[in-house]
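Asker: Take a look at the letters that make up each chain.
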Amino acid sequence: MASSISLWVFLYVFWFLLSGHTEPLLLGFGAISCAVVVFIAYRMDVIDHEGHPSHLSFRIIPYWVWLCIEIVKSNIDVAKVILSPKLNISPVMFKTKANQSRELGQVIYANSITLTPGTVTLGLEDGILEIHALTIEGAKGVLSGEMDRRVCKVKGKMEGHNE
Amino acid sequence: MDMIFDILSWFFILAGSAFVLIGAIGVIRLPEVFTRSHAAGMVDTFGTALILLGLMFQAGGFNLVLVKLVMIGFFLFFTSPVSSHALVRAALADGAKPLAEDGSNLEGAYKEKGEK
Amino acid sequence: MMFAAAAAALIVAIFLGLIRAYLGPTIYDRILAGNMIGTMTVILIAVHGFLAGRPEFLDIALVYALINFIGTIAILKYFRFKDLGHAGTDKGREEVEDDA
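Quick mapping for you: the protein sequence lines, in order, are chains A, B and C. Per the working numbering, the very first residue in the first sequence carries number 1; after that it's consecutive. Per the working numbering, the very first residue in the second sequence carries number 1001; after that it's consecutive. Per the working numbering, the very first residue in the third sequence carries number 2001; after that it's consecutive.
So here's chain A without its partners, still in its complex pose (with noise of 0.2 Å):
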């Protein structure tokens, strides 16, 4: 119920947002068309944890701004390799080992890598990550192990609030 409720809010705002409008009569319809939307989820049985997410939290965000300078400084490397002449690419497969103990942190440490141009993730497989780096400078920069203890300090916290 609170999830149902918490979905509810969010869709709410998210259509206020989206459609800018004041009346009162098109505040309702919004709130009837959210609740409908509400309702079809609940059938649907799709309203978990995930539609009230408390596990995630604003510690975040400070990742998201290192991340953000890790993508321009990866984007202007890749930016060098392709403008180069002679186009001085060394491709490189390699495997390594993510260290969050549970999903979500390994899926936002591959999500970063993908994210970040020069490295993609390939596979995901029990804590493994398969990755295909541009150049060798990429893959020791992936290595190197900083992204990894970065999403862990950030996940540890939350992991811990929720076990």
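Check before you lean on any hint, since a few could be wrong.
Interface residues of chain A toward chain B, partial, derived using beta-carbon atoms under 8 Å [stated by the list, open to error]:
id : residue
1  : 1
2  : 69
3  : 71
4  : 78
5  : 85
6  : 88
7  : 93
8  : 121
9  : 122
10 : 123
11 : 132
Derived CB-CB ranges, DEER-like [to be verified]:
id : chain 1 : residue 1 : chain 2 : residue 2 : range
12 : B       : 1010      : A       : 80        : 22 to 28 Å
13 : B       : 1060      : C       : 2074      : 34 to 40 Å
14 : B       : 1028      : A       : 21        : 41 to 47 Å
15 : A       : 101       : C       : 2053      : 49 to 55 Å
16 : B       : 1028      : A       : 126       : 18 to 24 Å
17 : C       : 2060      : A       : 44        : 48 to 54 Å
Hints listed in this document are in silico derivations from the structure and should not be mistaken for laboratory results. Positions of the beta carbon are idealized from the N, C-alpha and C atoms, including for glycine.
For this one, chain A is given, so just place chains B and C on it according to the hints.
Answerer: Relative to chain A, chains B and C alone:
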């Protein structure tokens, strides 16, 4: 104040356009699908983010236009790694051999049990 | 003026993406090019909204971003499992790999 915003917009939009073009050139120049996905990822993350940032300075203060630009940016930020991961995984499962060296000898790489 | 410059750069980049989609050589190169063109179209619609002074275009850009993501995933699923109604579970993946 408008002057500063205009200059910032020009800077971000021109930088974003440059990165979009470099990414498109990379998709043409790079040899096969795994390396091309890096160039496409560049367009998805940095090029679009910079152009959206440039547009945000022209939104004219805190209003729904700014909120919608932020929403588009967030949405692309979350979906771009999912679609590029799905693409390379589908290509790998379809039997495409990546043009890549084996990096299992690099320092810190995970080794399968039984390997040295 | 700055919006026109961004629109021009995006149109040139979309044209380069079309060349890659035409050249191929594999189906995944074409899907990659299509996904990239879709992302650039989202930005082009947003830029056009500012260029024409009609911010309502941002709604269309948002919807196009959703359609582009769902479309890419659907096409990949179709070529992966040869069936859009497939459950996509691990069991199904093994079956597909056995067939291949």
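Asker: Run every hint past the structure and note whether it holds.
Answerer: To see whether the hints hold, each was checked on the structure:
no., hint, in the structure
1, 1, "28 Å, violated"
2, 69, "12 Å, violated"
3, 71, "6 Å, holds"
4, 78, "6 Å, holds"
5, 85, "10 Å, violated"
6, 88, "12 Å, violated"
7, 93, "4 Å, holds"
8, 121, "6 Å, holds"
9, 122, "6 Å, holds"
10, 123, "6 Å, holds"
11, 132, "5 Å, holds"
12, B:1010 <-> A:80: 22 to 28 Å, "23 Å, holds"
13, B:1060 <-> C:2074: 34 to 40 Å, "37 Å, holds"
14, B:1028 <-> A:21: 41 to 47 Å, "45 Å, holds"
15, A:101 <-> C:2053: 49 to 55 Å, "52 Å, holds"
16, B:1028 <-> A:126: 18 to 24 Å, "38 Å, violated"
17, C:2060 <-> A:44: 48 to 54 Å, "28 Å, violated"
Hints 1, 2, 5, 6, 16, 17 from the list above are not met by this structure, while the remaining hints are.
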